[in-house]
Structures are given as structure tokens and as C-alpha cells.
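Student: Could you build the full structure based on these sequences and the hints that come with them?
The primary structure of each chain is shown beneath.
Protein chains: 2
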Amino acid sequence: MHEFNVKFILPGGFFIFKPSAKNVTVPKGTDLLTAAVKAGIVLNSPCGGEGVCGKCKVTLDEKRVLACETIVDKDLVVKIPKESLEIHEKTKAEAEEFTKGVVLKREDAYPYSPIVRKIFLKLAKPTADDNTSDLDRIYRELSGKVDSLHVSASVASVKFLSETLRDSDFQVTVTLGYKDGGFEIMAIEPGDTAGANYGFAFDIGTTTVVGQLINMNTRKILGTRIAFNRQAAYGSDVIARIVFASEPDGLEKTHKAVVSNINEIIEDLVDACNVNLGDVYSVTCAGNMTMMHLLLRIDPSSIRKPPYTPTTTVFSTMHLPEIGIDANPKGLVTFLPGVSTYIGGDIVSGLVACGVPDSGELALLVDIGTNGELVLGNSEWMIGTAASAGPAFEGSGLSCGMKAVKGAVQKVDIDAELNVRCATIGDVKPHGICGSGYIDLLRQMLKRGIIDKSGKINKGLGSKRIRQGEAVMEFVVAFKAESGIGKDIVINEDDIDNLKRSKGAIYSAIIALLTKVEKDIKEVKKIYIAGGFGNYLNIENAISIGLLPDIERTVYEFIGNSSLAGARMSLLSADALKRANEIYKNITYIDLSSEPSYMNEYIAALFFPHTDLGRFPSVRS
Amino acid sequence: MHEFNVKFILPGGFFIFKPSAKNVTVPKGTDLLTAAVKAGIVLNSPCGGEGVCGKCKVTLDEKRVLACETIVDKDLVVKIPKESLEIHEKTKAEAEEFTKGVVLKREDAYPYSPIVRKIFLKLAKPTADDNTSDLDRIYRELSGKVDSLHVSASVASVKFLSETLRDSDFQVTVTLGYKDGGFEIMAIEPGDTAGANYGFAFDIGTTTVVGQLINMNTRKILGTRIAFNRQAAYGSDVIARIVFASEPDGLEKTHKAVVSNINEIIEDLVDACNVNLGDVYSVTCAGNMTMMHLLLRIDPSSIRKPPYTPTTTVFSTMHLPEIGIDANPKGLVTFLPGVSTYIGGDIVSGLVACGVPDSGELALLVDIGTNGELVLGNSEWMIGTAASAGPAFEGSGLSCGMKAVKGAVQKVDIDAELNVRCATIGDVKPHGICGSGYIDLLRQMLKRGIIDKSGKINKGLGSKRIRQGEAVMEFVVAFKAESGIGKDIVINEDDIDNLKRSKGAIYSAIIALLTKVEKDIKEVKKIYIAGGFGNYLNIENAISIGLLPDIERTVYEFIGNSSLAGARMSLLSADALKRANEIYKNITYIDLSSEPSYMNEYIAALFFPHTDLGRFPSVRS
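If you read the sequences in order, they're chains A and X. The first sequence begins at 1 in the numbering used here and counts up by one. The second sequence begins at 1 in the numbering used here and counts up by one.
If you are wondering where the hints come from, they were derived from the structure by calculation, not from laboratory data. Any given hint could turn out to be false.
[What the hints assert, rightly or not] Here chain A is said to cover these stretches of chain X; the calculated rule only asks that three of the stretch's residues, wherever they fall, bring their Cβ under 8 Å from a Cβ of chain A: (1) 66 to 76; (2) 155 to 164; (3) 314 to 328; (4) 503 to 512.
All values derive from a computational prediction rather than experimental measurement. Heads up, the beta-carbon is just placed ideally off N, CA and C, and yes, glycines get one too.
Tutor: Right, here's the structure in full:
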């Protein structure tokens, strides 16, 4: 087979990682979009490479072409313009501190019982009176060290045990991994290596993949990385990716894309933290149902066809090499279980993190990510739903939206003269606006009359910041000179409309769930808000735009990326993981589209804050 | 690398299988002993290829050479003389009916619960009101079909479940395999294939490998095959094989040798019985501790060094490809657990078969194979030991000994004129003498005064059958003209001595075990005799030579290959397998060499029947 080299020249810019050029060798006939993914570069391609969105433009021989339509038939040098990369670049390591999520009050709610543990044993040497088998000798010693563990060993793990024990003077470190409800001996190493035990927690999102390196002994978070999900090259949303995965090789490609994200994050963090890759024995993953199917190469096609049935919502623990994760080859990867197509392992993980299922009091989890998911209940019962909120509060689909990473506007103040002051993550010049920034911005615009309750921009205010944009009216948040991207940062009426629909969908889903069980919002003792807003969500502002109900502020608790937090807790506590495997069974899924009250609630919520101001007394006042 | 072709010309003879010549291609530098194994031919080589025993003679260019010392450096044609093959040939398929063992009274002692079961399901199709996941839909339907099963599924088994269900109109056959105490979904196939479910039970012996094909639905034994363990090329006993396995590649070679036995038996039987290899989902194996270590590629070196510690006595269930067994690649292989270096899974399997651990009455299992193992006890307690009996009763190490297969003398009558009448297995001319034949022969020789109580041949009887052999006196059982091998079949004083030591070791071990727990032989309500004698052991004769204690004959029950029987029962009943995994823990191993009474007992037993005739009242009379 003929193979050709493709050299991709990458543009400059603060998001861009080393190096500025990447080489890849691909077989003749490969399209440039696929070649780029192989080189670790994900081009914008929301249409999934169908040639219709026109977003994967690259420059070849001074001509602009679509990468998805260009075939490699010789060695090529391809220049990638900034706009073809913009939303999918791997973010910088410096973004770490803004993405690692909130450390929860409940972080230690479950006993410390790491799902992989290393135990140093000094064994009694065999004698004529004590010639029990080598493995039984280990079991015997373990039973004194670890309580009530069901421990088993595969044949592979004991093949050279005889030699290992005798060469190490019967002093060995046993690595135990939690699997199928018991512990399995993963490795037996000579000497004391118990100090080196690391794990990774992952939140596998449709838009982003977040990974966190944990020292399993000290329970410390050593570092966090976020990357845009490389599957974006095959479609921006889950539907497009399922369609792509149904094509020949599509499933394999989507699988490999996200595994490459995982491996890059692992490699990056072990390097940064001086950890030996071989000392990484455990990975936990939480993600939505489609992400889990694609990660595990399970045909996802029935997820998108009525009646929207996943193949499975529970995924057995596997060895890392089975899905291509590069760390200790004896290591285990464990998945948080999900409930249905619409309530995945990310939400169950979030429930473990916030504790709704462990409390006698009525509580609500609202996770605002690429979609919005909600679970209401207590230790007795739970009901859950998904709201078609869209990814606006993650910064997606908005003219200047971005994730809550360095450079994102996250706080906004507008004075009476309509001067704007922005605070950005990392205290740099603004590059865009993240979810919490938009919430502040909307509130300030409402306060200063820049927009009315329906979200229309008031043209009559006579500010240079209010102007006609390409298609609709817009408000300039930061002029080119103040911005970090060499152009104006704006919010326009389409953005506002998008945000309004998102907040309306979430608010009305909260009310519809309560209606379903005939409860009043005042009966809810705790509302956990999770999602990708950033770490500085202002609850007051979220209420004032009508995203959240107007109740006692102390009911609210912002918990950041709760999917990641639950994965982290499951890594450090087999009890947390066991709990996850109980609670998913107790959640009843409610289809809002079949709830008569929902559509009226939704339409009523398409105002700032709401058509019924009586529901927002503190906003009115 | 240079490779050369070696053509082996095999001698004629009833043991020889097609074809009479075998070709193999091997790299330059391979020795002929190894080349022969590759060609499926196992030459005698009790020294393990060290060049000292001189038993692997072959003819090359009209010269006799040792195969182990001859290197392949060009294409060769090698003639194999009969005597270099004699004890290790693969036996003929016709030997089957004489080797399948006894069908036990207890065959159905445990509930029918096959360790692999195939269940046809007609699933309700998903609807908006019932859109539970595909896998949960299967679990739900299974729970109505099979009681209280803990069922799990690996990710691999559900990858294409979505398509399988929808292409088959939701009518599928689920294959469940017993593993780690629960059932695992091994496969989900479209349509109803539940009728095709086959399994193999194996007894992996040091000398022979016996396999049996079972229809898992009808519980019928479809066929049995016996083959000489190919590891014999690397040493005739377990010690020689452990030594060999400690050399570079030795473990891999011994492993491959026995796996090739297993695969050949499987292939042979599925062909003969018209069974599809892909419908073979389950294999159970029982064997002694060394055989299990070698089969599973576990370093066995510590087994032969004081204090004789195996690596493990319990072996987790594996997928067939993990050890190279060729059948359904999703199939499982399960191993009967053992107790210690000297009491292996073959004995635990035998206990499941005979039921010592399930009875309130005191009972004894005596398994006379390549070694002799005994377990005494009841449902409350068990003690076990190994007697250094040697393989004489399996026909090994005797001048005309052979396994209990076609052509073996198994009954002997000698009249007052010392005329000998022999009955052979298969009613053909005699080829040799098997264990039960030797027992009869000794009894008749004692009766007619041909030997005295010490085993010396009486030269004074003046029969042409009594004569001086090469080194010692011998008695002709069948003259050349009557025999099927073109030469006289004899028993000599060395053979008699060998048999005397074997029977003495077993008898004295029985007494020593009883002494240990202060029980009298009369308190033993049942004695199960297992082993490779053949199917026609005459208990009366065994008592009369002093092999077994002189008690009520109805106490004895001959159960044949009980290791195979237990493996078969474990294939057809997960409960039997569970029982095996309980009982091995209840057996205490007794080292006879540290029992003060044992050596005296042994020396006293080196007479026919015994020095103390008071112990054999019925023989004296």
C-alpha cells in the first residue's frame, strides 16, 4: 500500500501547544480530516465530514479547500487557519486550575477504600509444617491486613509467583483491584513498592474530556487536564457521532478519537507530576450513554432511534489494554453506571458526589453541560429527566462563547454609563465569555435596560456599544483594543435568544419534575448546581435571569464538575462505587415531552426572568 | 532462518494411528526428539532428553542414533523402531469403550445445572413505555427462566447486541458460563441455537490424558479418547518434567505438549461424533498439582524442592484461547481445585464422584494411578495422603505391562497343570498385561505355588513356562504363538517385586491413615477403588494378594477413573463444582514419612498377602 507524508502547519495563538507543525504518514486515499485526527489535530467539522458545513477549511498550495473533501494522493504540506481549529484545540496546561472542579464538602463521604490498593507483605517462609501454597500464604497474610475482602487471583498473575517470592525473600507488594464486587490480585512485585500507586478519574463529555491524576495513597489531586473531545471531528453532537459511528470503521474511529484524548491527558499529567506511567493502575470514567458506547466500541445505533434504547447502561470493569488505555497493562478501568439513554454515568457519578441518594431530605441535582440533566429525590426515591437546554452555558454555539478556561470572561459589571468591566479567568485580556460570564452579563444588561424582558436589545440607548451586527443587533462587551483576540467581543440577539431558551428549558424542567411528584419548590432542601460554568457561578444572578427558582439562596450549592468529582470519589472508595451501582437502579426516568404541563411551563419561561413575575419576588423588588 | 524437512517413518502395529509416515519442517539445529514431538510422535525418553537413558533410538542412514542427540542440519528421513515408541503411542479410537470409565451410581448426585447453558429467549420488543436497555431486557427475561442466577456480561459480549437483537426480531439464544461463583454471558446469537451445546471433561494424568465429549443438554457421554501424555518426551515422571520445565522454554514446551493432547482428543471426538467445534463451550480439567501447573504455564519449580510448596492449588476459570484450547473461542475452561503438592484436583474430583465428603459414614477413596492417593473421612472431616506406589498397576515399568486398553490381559486362570487361560480386553490376542490382569495373575501364581509368599518363583515345578530370563526367573503367560505381538508375554521376578512394593505401599497407607485417626478398618463403611486397572477389577483377588484389607466385600466399590467422572459431573452441575471448591479446604494432608508406624507397616506388607496372616483370615482359609 502506498503511504504519503502530510505535514500540518499550525497557526500561533495561546491555545496552541507545541509543536507548531505535525507530521503524519497515511495510506493513499485518506482524507485530510482523518489525516489531521491521526496527527492529533481536530478540525472543526460539526457536520461530521459530510462536506456541508464548510468549517474544516485548510490551505493547500495557496488554495482554500475542505479537509473532508481532499484526498491524500502525494506528500502534502497543509496550512491550518486559526478559525478551523478554534473550538477544538487542546487547552493549555495553565487552564488546569480553572477546570479541576470544586472540592466538595462530601469528598470523604465514603470510607477510604481505594479501588486499587498496594499492600506490602512480609511472608513467613514455608516450612515442612507450613507448606501451604504460595498463593494461600499471600491470602493468609492479606486477611490480617485488609478486612473482609473477597480476594481472587487469575492464573496469569501467579505464573512466576514461585520465583518472585523466593527471589525477594518472601517480601512482596501485592496490588489488588476491585472488580465484580471483590478484589482481584493484579500484580505481585518483589520488595516494597506500595508507595507508588496512582489513578485517573475521567469525565468523558461530548464536548470535553477532563482527566485528573490522583495519588491513591495520599488522596491528593496532583493535576487536572481538559481537552476537547476529538470525536468532534466526526460531529458536534451525539446524534451526528452516532450516525458517523454507524458507517464502516466509524465506531472504531470514534473510539480511537476519545481514547487518544484519554492517553494524551494521562501522558501529559504523569510527565508534569513526575509519575511513572507503570504506577498508574486504575482509571474511572463517567460519561453520558453515547460517550460510554463509543468509548467501549459498543454499537450505539439504537440510542438515536425510537424508543431510544441503549445496548447497556452498565459496563463491566476491564483491563486497560482492552480499550487501548496506555498505563500499567494490568491496570483496571471502571465505568460509572447509567440509567437510560438520557441519564448517563455522568449523572449517577454526580449523585454520588452531591449525595442526593444518601439524604432523607428532598434534594435536586441540576447538571448543566452539553445538555441539562436533573434528578430530584432522596434516599427513598429519585426521578430524573433531561432538558433540551443545549450547550449555551458551556459557551458553545454563541458568537463569543468559550469554556471556563483562562481568558474567559466570568464576571461582568456595567455601570450607568454603560461602561463594562470584565473579570477573566487567569486575569488576562478577554478571549471570550463563559457560562457564568453570560449569566452576569444578562443580569447587568437587564438592570441597565440594554435588553428588555424578552431579550431584545434597546437600540435607543445611544451607546457605541449597541450596534447593528452582521444580521442582528449586538452589544460590545470588550472592544478590539481591550480584547486578547484582536477583535471585538460581543453578545448579539441570537446569543441572547439561545441563552434564553437554555435557561427556560432548565427552569421549566425543574418545575415539571416537582409537579410530577406534587411537590413545591420550597420543599426542596438542597439544590446542587453542577456544570461547566466555571468555578464562580453567581447564584443571585442565575436567579435574576430566571435560570433558577427564586428561593432561599442557602438552598443552592455550586458543585462544579460533579461527574469528575464522583469518578474521583469512586477511585478512592470502593464503597462509593458500590453505592453508584445501587443508586442507578432507583432512578425513574421521566420523559418531559409526554408531560402535559411541560410545554406551557417552557413557553412561560422564555422571558427574563419569567412571564409570571410572582414567581420571582426578589427579582421584582 | 534455514528450515529442513524431516520425514518420520513409523513402524506397523495395532497401536499405530494413520498415517505411517509424518512430515515436519523444523529450523536448523532442532534436535530429532523435539522434531518428533512437533510431528505428533512421542519417543520414549524417560531421562528427559539428557542422552543418558538411551531409549529414544531411531534409525538414520541405516545407523542407530539417539534422537535427543541428533541435530537436524539437512532434510532427513528417520525410521522409528517399535521399541522407541512402545509406551507412548496414541491409543486407537477403538480403545474407547475400555477407557471411558465406570458410570457411577452417584452420576446424578448433584442437580443438573450445566456450567455452560444455552437459553433461547423471545424478548418483548422495546416501546416508548418499555425502553429499558437491550441487556436489561435480556436479564429480565432470563430471571424468569433461570432461578437465582447472578448473571453478568462483559463489554465484549454486548458490542453488537443492538444489531443482533434487531436483526433476529428479538429472538436470541444466550450462552451463560459459570465463572467466579456467578454466570457470565458468553455469547448472544440470533435465533434458537440452544440445542447445540457440548462440553469436554478431561483427566490430565502424568501418563495419560483422557477426554470425554458430553452433550450438555442430554447429559450423554458421546465418546471417550485416551492418549499418552506428550510431556513424556520430556521425562517419564513429574520430577523429570519439573526439572525440564525449569530450563529455558521448558515450561512452554511441556505446556504445549499437553495442550496438543487436549486439542487432538477434542478434534478427534468432535469429528467422530459429528459435532461442530464451535458448539463446544466448556471444558473441565482434573489433574495432579504438577500437571495443572504445567498445563497453565505456572512455574512448578518449588513443587519438587522441600518443603514441596505449589504456587497455588486453586486455578481460576479461563477462556479457552488463554491456554490454547481450540474450540469456541468464547468458551471456558474450569479446573478442579487441589489440596497440596500430593493431593491434586484429580483426587478432589474423585471425591466429588464417589461422595466421601457428602456422607455421614466413614469412607475411604483409594486412587491407584501413576501414584497412589488416599482420602479417609466423612462429611465432617477428611485426611489424605499419597503413597509411593509407583505406576505398576497402570502397567508401567513392568516387562509386559500395558494400560487397560484393547489387547490387555485382564483376567487370568491357571489350572493345576499350569496351563494359562487369558481373557483380554476386546477379546483379541494378548499384547500385554494390565493392572487387573497382574492382580489375577499373582493370585493364580500364589494358588498354584508358582510363587511363594515373598514372590520368589519356584524353579522346581518343572514347567516350560518357568524359566531363567535375561537376568531373573520368569513365568510365561502367553507364548509367542498365542500372543499378538510376535513374542512371549511374561512376568518376571523384578515385575513381581515391583508389584509387591506397590501393593504394600497402598495397603500400609490405608492402615497408617486409620491409625492416625484411631479407627479400625471395620469402621469404614465404604471403600472406593479408583484407578487405571481396567473396568473389571476383581476385589477378591486384590484382597488375596494383600493389596486391599480383608473385610466384607460389599464395602468395596470399584469406580474406575473417578477423576474423569468428577470432571464430568462438574461439567453438568455447577453445584458439583461448588462442592469441589468447598471440600478441598476440609482435607488435611498427612505426610506418611513422618508417621512412626508407617515404615513398619510397609515392611510387614511386603509379602503376599502379608506377614501377619491374621489380618487376612479369608485368604488363609
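Student: It remains to establish, for every hint, whether it holds in the given structure.
Tutor: Cross-check of the supplied hints:
no., hint, verdict
1, 66 to 76, "violated (count 0)"
2, 155 to 164, "holds (count 8)"
3, 314 to 328, "holds (count 5)"
4, 503 to 512, "violated (count 0)"
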